[in-house]
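Below, each chain spelled out in residue letters.
Number of protein chains: 2
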Amino acid sequence: MDDLLLRDVRPLGGRAVDVLVRGRVIAALGSAHSALTEIRCGGALLLPGLVESHAHLDKTLWGLPWYVNEVGPRLQDRIDNERRFRAASGHDAGAQSLVLAKAFLAQGTTRLRTHVDIDTDAGLRHLHAVLATREALRGLMEIQLVAFPQSGLLRRPGTADLLDEALRLGADVLGGLDPQAIDGDRRASLDLLFGIAARHGKPLDIHLHEQGEEGAATLDLLLDRVQALGMEGRVAVSHGFCLGDVDESRRAQLLERMARLRVAVITTGTASRPVPSLLACRAAGVCVAGGNDGIRDTWTPYGRPDMLERAMLIGLRNNLRRDDELALALETVTSAGAQACGFADHGLQVGCRADFVLVEAQNLQEAVVARPERKLVISGGRVVARQGTLISSATIAGSTTGA
Amino acid sequence: MDDLLLRDVRPLGGRAVDVLVRGRVIAALGSAHSALTEIRCGGALLLPGLVESHAHLDKTLWGLPWYVNEVGPRLQDRIDNERRFRAASGHDAGAQSLVLAKAFLAQGTTRLRTHVDIDTDAGLRHLHAVLATREALRGLMEIQLVAFPQSGLLRRPGTADLLDEALRLGADVLGGLDPQAIDGDRRASLDLLFGIAARHGKPLDIHLHEQGEEGAATLDLLLDRVQALGMEGRVAVSHGFCLGDVDESRRAQLLERMARLRVAVITTGTASRPVPSLLACRAAGVCVAGGNDGIRDTWTPYGRPDMLERAMLIGLRNNLRRDDELALALETVTSAGAQACGFADHGLQVGCRADFVLVEAQNLQEAVVARPERKLVISGGRVVARQGTLISSATIAGSTTGA
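Same order as they appear, the protein sequences are chains A and B. So in the numbering used here, spot 124 of the first sequence is number 124, and the numbers just go up one at a time. So in the numbering used here, spot 128 of the second sequence is number 128, and the numbers just go up one at a time.
Simulated from the structure, these hints should not be mistaken for lab results. Hints may contain errors.
To be verified - Chain A residues, not near chain B, derived (Cβ > 12 Å throughout):
(1) G30
(2) A122
(3) D164
(4) L167
(5) A228
(6) R262
(7) G315
(8) A361
Said to hold, decoys possible - Some chain A residues judged to face chain B by a derived CB distance under 7 Å, without partners named:
(9) S89
(10) R125
(11) H128
(12) S272
Glycine included, C-beta positions come from ideal geometry on N, C-alpha and C.
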């Protein structure tokens with residue numbers, strides 16, 4: 001692969017520089033370089049590749065006819081409805097996950113963590129489907145699969161074996177779901193989960209919708225196990241709604257332990273319920289990453305595969321108005337996302353993987369609130385999208401030659 | 001003006017029809033019409049003109065260099081900061097309000113209520129500026145001005161006289177701001193406000209940020225005055241945060257009175273604080289309209305002059321997922337907005353003003369969540385924007401001839 005030179009870009013809104021890419025990595029930032037392939041960027045804002053920390057690619061109906069949502073309001077209604085819908089519709093998790101992953105890439109997301117449903121009805125069907133999507137996009141997009149027991153673990157015997165098998169087949173992370181509210185026994189559920197994760201040496205990412213003290217008690221036990229098993233820096237809590245509605249002293253106690261054990265929070269900034277405060281988490285030293293959760297599926301009609309829009313929604317939810325606060329919102333879908341998920345070599349420093357998003361914006365703050373068109377997306381040193389549209393697969397498979 | 005025929009549109013996602021426009025109004029819906037000017041719409045979704053019920057056109061920095069926000073977190077910090085900024089910057093409320101109003105129109109908003117700052121520093125400068133914008137867009141966009149005491153009423157003597165003068169000069173609505181939290185005397189503040197409104201026979205739209213029982217007590221006194229002065233159907237409460245955090249029985253009591261006195265709620269669906277529940281308001285028979293509040297000003301970096309995006313944000317805040325609920329989200333920026341503000345002849349029925357927005361969407365629900373490009377905006381029977389861009393002022397001033 002020839003060297004690639006991006007002329008006249010402003011990394012995160014800083015002063016204009018040229019960026020030299022050699023192979024798949026950033027070789028230099030500065031000026032007075034040259035390369036066979038040069039792209040004149042006209043002072044555009046340069047962002048690192050965006051990071052989606054919480055997707056459900058396998059569920060999406062993106063691009064399909066409108067799904068008429070008449071689902072009941074409880075979590076259990078949504079879980080049951082989805083399982084019924086899937087059995088009846090012949091939902092194609094392979095095709096759908098690929099369509100949505102590509103749409104994410106076209107909008108500048110080069111690393112993505114997706115939960116993949118595993119249950120005793122569907123078995124490992126979704127896992128195989130999303131493994132194929134991961135393979136199809138290898139080199140263009142780094143995709144992590146979380147083996148996710150959407151219908152519960154203890155409550156549906158046989159699920160643990162499926163999760164075990166999923167990790168053996170290549171799932172990157174073990175998922176979990178409401179050890180108390182869904183599984184009914186936080187201690188047994190967490191022991192089982194941590195046991196499987198430890199056996200495979202895999203990280204954990206646990207959906208925790210449980211609110212108030214119910215969730216806090218689960219979180220306490222979870223943190224005990226992180227500590228006991230030496231899993232510091234390898235566990236994330238998705239949603240963590242309880243951190244949004246316990247009192248301040250309880251929250252401080254939980255956040256202090258999470259910071260110490262390097263347990264990250266992955267948030268969508270849900271507008272309709274209490275969520276972990278981004279500023280409180282950051283002040284305590286807890287990493288906060290951003291994710292979309294489901295996009296256009298049987299759970300929700302909302303969503304767009306655009307991490308800048310997610311950063312905006314997280315900003316709105318957390319009332320982030322100041323410039324320094326908007327920078328934190330962007331971090332949830334860049335550096336903090338990479339940290340929470342363990343994506344290596346992310347960033348705009350020499351040696352990092354050459355993943356870039358170019359937009360017309362005065363600064364990173366404007367990029368968050370305006371969510372401008374992605375002029376150019378570069379992944380692993382190759383141009384993969386222009387003006388928000390993926391360039392043809394043929395070109396993606398080949399090497400970049402033009403400006 | 002020749003008749004205009006829109007061929008093959010789906011009003012609110014219903015079956016395809018042709019819409020005949022005669023002069024400024026809808027003359028017929030059905031088929032087998034013809035007209036000199038026809039536009040083939042290819043089955044696009046037809047929405048009525050969108051309604052913005054709560055803007056601050058005079059404050060916006062839309063299109064200007066990025067405003068670095070380092071403002072403190074309290075309401076009073078933001079009020080003081082803005083007054084200082086204005087004194088120092090020579091902010092041009094005329095040019096700015098026109099730029100933003102046109103941007104709203106390009107995205108399909110044909111009726112808009114804007115609050116206009118009036119205080120003893122700036123006097124009526126903003127009022128004159130926005131009156132000029134209203135005049136410049138007359139016939140294209142119906143703009144209501146609310147004379148708004150942003151810096152308080154009682155606390156800044158001389159303000160009441162300015163409000164009085166503003167109504168005399170052509171402001172359509174009298175505004176107010178936190179009679180207790182800002183003015184410090186809810187009874188005296190409300191008496192003064194209602195007195196001015198009654199003297200001019202104008203409606204009222206009062207910003208009520210006050211939370212919990214503080215706001216509820218103000219709302220009680222406000223409702224007393226609506227009843228005593230026979231102002232049913234002519235008063236709106238903007239924000240009404242207290243309705244989001246008093247207990248259910250207190251809320252029920254307030255909503256019951258509001259429904260009876262036809263006092264509307266105007267909400268932005270603020271994600272970061274308690275807000276009135278759209279479903280609870282609707283169940284009680286209270287009209288709920290949607291507004292953006294400030295867009296890119298010294299208060300907030302966020303916002304886009306797009307009422308479909310505002311409907312989405314209101315939907316997210318209220319956890320509206322079902323199809324029937326998304327229809328309610330759209331109503332906040334269409335029929336309910338028109339009702340709350342008293343915009344006449346709004347809708348897609350024969351006899352209504354011919355204000356339309358055409359988008360590519362399967363149904364109204366998709367229009368809310370996807371916020372698609374506005375293919376065509378028609379205001380008062382004339383094409384004013386295509387593909388989200390206003391057609392040139394010359395063309396706007398003339399009559400439509402092409403398809």
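Each hint, compared with the structure:
1. G30: 26 Å, holds
2. A122: 23 Å, holds
3. D164: 34 Å, holds
4. L167: 32 Å, holds
5. A228: 37 Å, holds
6. R262: 27 Å, holds
7. G315: 7 Å, violated
8. A361: The claim is violated: A:A361 sits with its nearest Cβ about 9 Å from chain B, within 12 Å.
9. S89: It is violated, given that the least Cβ distance between A:S89 and chain B is near 17 Å, above 7 Å.
10. R125: 26 Å, violated
11. H128: 29 Å, violated
12. S272: 4 Å, holds
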